[in-house]
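Chains as they are written, first to last, in our numbering: chain C, 346 to 639; chain H, 415 to 529.
A hint or two may mislead.
[Claimed, not checked] If you anchor each label on the Cβ, the simulated ranges turn out as follows:
1) D439/H x V498/C: 23 to 33 angstroms
2) D437/H x L502/C: 14 to 24 angstroms
3) E459/C x H442/H: 26 to 36 angstroms
[Unchecked claim] Distance condition first, Cα-Cα at most 30 angstroms in a straight line; then the derived DSS-like pairs of lysine-lysine:
4) K460/C x K524/H
5) K483/H x K441/H
6) K460/C x K433/H
7) K441/H x K491/H
8) K492/H x K433/H
9) K486/H x K524/H
Everything labelled a hint here was simulated from the structure, so no lab data went into it.
Here the structure is a predicted model, which means the values were calculated and not measured.
Just so you know, even glycine gets a beta-carbon here, dropped at the ideal spot from N, CA and C.
Spelled out, the chains give:
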Amino acid sequence: MDEYAIGVLTNVGLFSFVALSAWLVLVAGELSFGQQAFFGVGAYAAGICTAMLGWPLPLAVLAAMALGAAAAALVGLPTLRLRGLYFAMATLAAAEMLRILFELFHWQIAVGAEKVGPDGTQGFRGIRWMFERGFEPLDFLALVWMLLAGMVVILVLIENSRLGVTIRALGHDPDLARSAGIDVDRLKLGVVAAGGALAALGGALFAHHNTYIEPRNFDIMLGVHSLAYGLIGGLGTVFGPLLGVMLDIGVLEAIRPLQEYRMIAFGGLVAVLLVFRPRGLLDEQAVHWLKSKL
Amino acid sequence: MRFFLCFLAFFAAPVLAQKIQADLDCKHAGKDFIYDCVIRLYRGGEPLAGAQVSVGADMPSMPMAHNIKPVKARPGKKPGEYEARLDLEMHGEWAVKLRISGPVRDQVVKNVRFD
Chain C
346 MDEYAIGVLT NVGLFSFVAL SAWLVLVAGE LSFGQQAFFG VGAYAAGICT
396 AMLGWPLPLA VLAAMALGAA AAALVGLPTL RLRGLYFAMA TLAAAEMLRI
446 LFELFHWQIA VGAEKVGPDG TQGFRGIRWM FERGFEPLDF LALVWMLLAG
496 MVVILVLIEN SRLGVTIRAL GHDPDLARSA GIDVDRLKLG VVAAGGALAA
546 LGGALFAHHN TYIEPRNFDI MLGVHSLAYG LIGGLGTVFG PLLGVMLDIG
596 VLEAIRPLQE YRMIAFGGLV AVLLVFRPRG LLDEQAVHWL KSKL
Chain H
415 MRFFLCFLAF FAAPVLAQKI QADLDCKHAG KDFIYDCVIR LYRGGEPLAG
465 AQVSVGADMP SMPMAHNIKP VKARPGKKPG EYEARLDLEM HGEWAVKLRI
515 SGPVRDQVVK NVRFD
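Whenever a hint applies, use it, and build me the whole structure from the sequences.
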């Protein structure tokens, strides 16, 4: 496999984590424009753990996920009182606050002959854990997809469990769910924290793939994309956001000969798709139909 | 076997640390969004010749979505110099990724504004 194909597939895998996190919150009935912030928390946390503290990557990834979940829960505590568009705006504001905090975050230590660590708007260079241990791009691709497959399996198991049904019920009608005895506030907070951990996992891998991160990596565009993947791919199944990512990256790469016009062409395609399939390609009806055929 | 070795590497000490410094100088090539870049690589202050350099680019504000197909740089006029032509999608700031292999392996990211 050539370097370009490996790069595209790695990007698909990395995007999928943040897309899955946005989808999870969507299924629970809330529209979050802030998942990119937890992707950023994961990236910075894992980068600090490996490049500055010398931790092994698995430990750094676990720490990043825990911090991502904690950050999401912290944002969720005050914002989950809001509904619909107000919640979406609050998550966007919280994400921008976190991004500005990354811009103000300066903490560098000497590692060998050079200084390593977050340097505000100048970013965080030298997250070289993979290179220092001889990982090839293909090895990293395998790592990303193995972790993604693991997360998808966990989400499929949850989706087919009582918990999954409860989360869907919460997403469809929180008042009805509450009247059925579901602890709506606690469940929503749990879903938001799980989404934060998922996004942070993606961010941790992104930082180590890129070797360099900066606050701008985690701005609103990433949030819009991650939300769009669920809406394009479909809300009916965990495979919806994955399909959304594959369509986005796949179509963008396929129409590369259109050069600077390709974003316009892609935007048009998304608009047409959402007119005809407002809950995405794999919506609840499509999933029900597919299950009946299998 | 390869993946088993990778698994062991998760807990190994960093033995392959070989940091490379890079300078990047890009000039407009006369066509929209096309730039000719000269890359200078150094290792321990000395020019690094004989490396294979793959040059890619990503927009910092839209990581992974706006990127270009990596191109292989060819050796330049002086030792440690490499040349590559970048075909970007739009103006603005790009994070140019230099993936270096051959005598040493590394990745250096340089932020460059293309106007």
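Satisfaction of hint between K524/H and K460/C, Cα-Cα up to 30 angstroms: With a Cα-Cα distance of about 16 angstroms, the restraint between K460/C and K524/H holds, given a limit of 30 angstroms.
30 angstroms limit on alpha-carbon distance, applied to hinted pair K486/H and K524/H: holds (17 angstroms)
Assessment of proposed distance window 14 to 24 angstroms (beta carbons of D437/H, L502/C): violated (51 angstroms)
Hint consistency between K492/H and K433/H [alpha-carbon to alpha-carbon, up to 30 angstroms]: holds (21 angstroms)
Satisfaction of hint between K433/H and K460/C, Cα-Cα up to 30 angstroms: holds (12 angstroms)
Proposed proximity, K441/H with K483/H (alpha carbon, max 30 angstroms): Satisfied, since the Cα-Cα distance of roughly 19 angstroms is no more than 30 angstroms.
Given pair status - K491/H, K441/H, alpha carbons within 30 angstroms: holds (16 angstroms)
C-beta pair D439/H, V498/C: status relative to the range 23 to 33 angstroms that was hinted: This hint is violated: roughly 48 angstroms between Cβ atoms.
Consistency of beta-carbon spacing, H442/H to E459/C, with hint 26 to 36 angstroms: holds (32 angstroms)
Checked against the numbered hints given earlier, this structure breaks hints 1 and 2; the rest are met.
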